[in-house]
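Fit chain Z to the given chain A structure using the hints.
The lines below spell out each chain.
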Amino acid sequence: MSFFRFGYILGLIIGALWGAIIVIVIAISFSLLTGEPITPSLTGAMPTGAIVALLVILRRPNISLFFQTILIGLISIILLTLFRFAQPLGIPLWQNSLTQILGLIFFAFALVWPLTKFFNELPIGKLTRHEFEEAIIRFLMGFGYLFFILIVAIPFFIMVMTSLKSQQALLLNPLDYSLDISRGWALFRSYIELFNDYSFGNYLINSFFVSIITVLVTLLFSVPGAYAVARLRFKGQAIMSRSILLIYMVPMIVLALPIYIAFSMVGLRNSIFGILLIYPVTTIPVALYMLQGYFRGLPFEVEEAGLMDGLTRLKVIWQITLPLSLPAIASVSLYVFMIAWNELLLAFMLLDDPSKFTLTRGVAMLNSSEIPRQHLMAGSVIATIPIMLIFLGLERFMTKGLTAGSVKG
Amino acid sequence: MNSNSPPNNIGPLQKREAKLAWRMLAPTIISIALVVILPLLAIFWISFKPIGLADLRPPTPSAYERIRGDLTNAGDKAILEYRLRNSSRTHSILDVSMSDIIPSGLTILQLDERCSLDGSKLSCNLGDWEAGYNEKMQMPVTANQVFIDSKFNLNETKAKLKGKTSSILFNFTFTFDNFIYLFDAREFWGVIGVTIFYATFGTIGALVVGLFAAMLLNRNFRGQGFLRGLFLFPYVAPVIAVAFTWVTLFDPFSGSANSLLIQMKVISEPFNFFGEKPQALIMVTLFEVWRYFPMSFLFILARMQSINSDIYEAADMDGASPFQKFYYLSLPQLMGILSVLFLLRFIWTFNKFDDIFLLTGGNAGTRTLTVNVYEQAFAISNIGAGAAVAVVIFIILVIFSIFFFKLLSKEEGL
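Sequence order for the protein chains is A and Z.
Position one of the first sequence corresponds to residue 1 (the working numbering), numbered consecutively onward.
Position one of the second sequence corresponds to residue 410 (the working numbering), numbered consecutively onward.
With the rest of the complex left out, here is chain A:
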């Protein structure tokens, strides 16, 4: 390892790697955004990155750092142009000059700015272990941000953009996700057809109805249960609090088979009511587990004072515990809503009648060779948007609540 522990060696390696990463990211982004086939050139970007990294490390604090950085950015463009034989982006400079210049400025920025962060105050010569590892960690972090943003954003980007395209356009050039704004409202054709011809409006209502009822029933059952497990002393308390989680480990498919048989025999298949009999029970254990964790954390003294003042237990729960645990209840509700909204297996097995589908079941119906892909993606977007909006609005609760029940402070 000590061989690498020199500023210039580390700079060369990280610079080259970062150059490669940037050029690949730019190629992928530009391809997906414009549909133009852009080939990333590692042979151009890696040496450029390596040299630029050295220049970044060699910056001197006695001249304006900002000025030096701009200069290095310009140098990076010149270097890339040289290494790629005057075609920095793989096409001659006189084609689409303006776009290319913008692209090059973007390249220079994405290459140089992070490198200045990685190598902040890094000496060119021998490095201490601290400086060495710090630089590597900063590089890994930079890579991490890019990596995560891309792997999360690309599938959702593809989902939305595919839903706005036509089948022929996609088959013609699977990379072209640029939008033809001139089509105006016709862009949303898939959505309009889903709502008009496939009654997705109904499915949306069904899904909301099922999810909200599931949340209410789950709370109704799990709040008293959680309170009992968390606060009251009775034989079997310890077993109870454990078996709750155990229930949550039974796979749904194992239960779905007997439920399917029983529902077939009593005629509950194909009814929203039948779905509503099952959904809450699948969410009660986890809700109970999360809530009891939260209840345990509440100070018992307040409740004791209530009891002393002559409140009954149920009144204590209603007037003291519940108001105190509103954040937990919000997060449990959100989580249960999410489970119910996203549930597919039971809906898929139990619902056959298209007039009673939930949204996820409706999207599953669209997965057929006769229905064009953009309809499937539009259905997916319709199923995703409500839960995303609710989630983004209440994310704070979600994060807190999910972890509150199980993480010791």
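For the record, the hints were derived by calculation from the structure and aren't laboratory data.
Every value quoted in this text rests on a predicted model; they were computed, and no experiment measured them.
Each hint should be verified, as a subset may be incorrect.
[Unchecked claim] Below, in silico cross-link-like pairs of lysine-lysine (PhoX-like), each with a Cα-Cα straight-line distance of 20 Å or less:
| hint | chain 1 | residue 1 | chain 2 | residue 2 |
| --- | --- | --- | --- | --- |
| 1 | Z | 530 | Z | 567 |
| 2 | Z | 569 | Z | 530 |
| 3 | Z | 571 | Z | 530 |
| 4 | Z | 428 | A | 315 |
| 5 | A | 235 | Z | 428 |
| 6 | Z | 545 | Z | 486 |
| 7 | Z | 567 | Z | 545 |
| 8 | Z | 424 | A | 235 |
What follows is chain Z alone, placed relative to chain A:
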């Protein structure tokens, strides 16, 4: 002497508290018993039964009645025919009886010996019907003018049939056939191997990626909240939406991933990501990692933020390097949550059905145990075999859970 020790017997207050506790838990316990425990017992029962999807519909006797011959003038003779059928080709029906109303104006000349006529009410005792029973019971009839004028439709008064059926589901014959069939099939061990691969690497991957993501966000900077929300997207979106997006993205013909790779000259021919053997399993495992890293990330981040920063300051004083701080300080503190997460996620991944079902349908060497339950029960229509797979899953899970609770008790002090 004993008066110093606390009372051993349960006082009335405590009794009341216990009673209240059970009353508050009752709705949960009852509902879980009905929807979880009962089906679990049922699946054990079914796994010992030779039962297919078709057996769920109980065998029913049916009769189709019609007049053969011409009844145009009063006094014409014809044949009243009941076509009797057992709907099941595999099961018999016992003690079948039929009753029907003979419309006025139609006179039966000769009754079938199994039948009797009381006014206009015809009742027959048709005895036992074996599987696939099919008979045409014919009786000569004559009609008067009233009947002919009325253009009577015989099926307006439907013949009613009754019979005793014994559904295999409820009788007491058991068999080990399902299990023998399962363990004899060589592919079953393949299925177990695939499940273990998927669960192990899916879990480890989600944990490692989640840990990485948590380290990225375990610092204060502008946009931290935004990134945290973004990182949770795969976990929050409906599985069906993201799974189909992956299928679209990696489609061998119209997928962007393929055209991107071809254009970058990484591959020269379209690569069938979800359709061929080794890579399909890797792809579904990657999907699992992608979809569930946010969950690990959330838990790990919460734990990281609760670590006291004093120890890091002390380490800085002692000149510890960043990697040393991570290895000797952070990791031991995170070990607890990491091992709990590993077990939880392992069990959940082991239980996962939707993801693989949507991505590959269990084809191309991606059939896990849960997908096998569905395949056996609904694709091959062998419910008994499906139930047997479910029983195998359940037994494996019980073993996991024992480990899990040993660990959880240590971690949580429950």
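Structure-based check of all given hints:
For the given pair, residue 530 of chain Z sits about 12 Å from residue 567 of chain Z by alpha-carbon distance, which is consistent with the 20 Å threshold. For the hint pairing residue 569 of chain Z with residue 530 of chain Z, the CA-to-CA distance comes to about 11 Å; that is within 20 Å, so the pair holds. As the CA atoms of residue 571 of chain Z and residue 530 of chain Z are separated by approximately 16 Å, the hinted pair is consistent with the 20 Å bound. For the suggested pair residue 428 of chain Z and residue 315 of chain A, the alpha carbons sit about 17 Å apart, so the restraint of at most 20 Å is met.
With a C-alpha separation of about 10 Å, the suggested pair residue 235 of chain A and residue 428 of chain Z falls inside the 20 Å cut-off, and the hint holds. With a C-alpha separation of about 18 Å, the suggested pair residue 545 of chain Z and residue 486 of chain Z falls inside the 20 Å cut-off, and the hint holds. About 16 Å separates the Cα atoms of residue 567 of chain Z and residue 545 of chain Z, which keeps this hinted pair within 20 Å; it holds. Simply put, residue 424 of chain Z and residue 235 of chain A have alpha-carbon atoms about 10 Å apart, close enough for the 20 Å limit, and the pair holds.
The earlier numbered hints are all upheld by this structure, with none contradicted.
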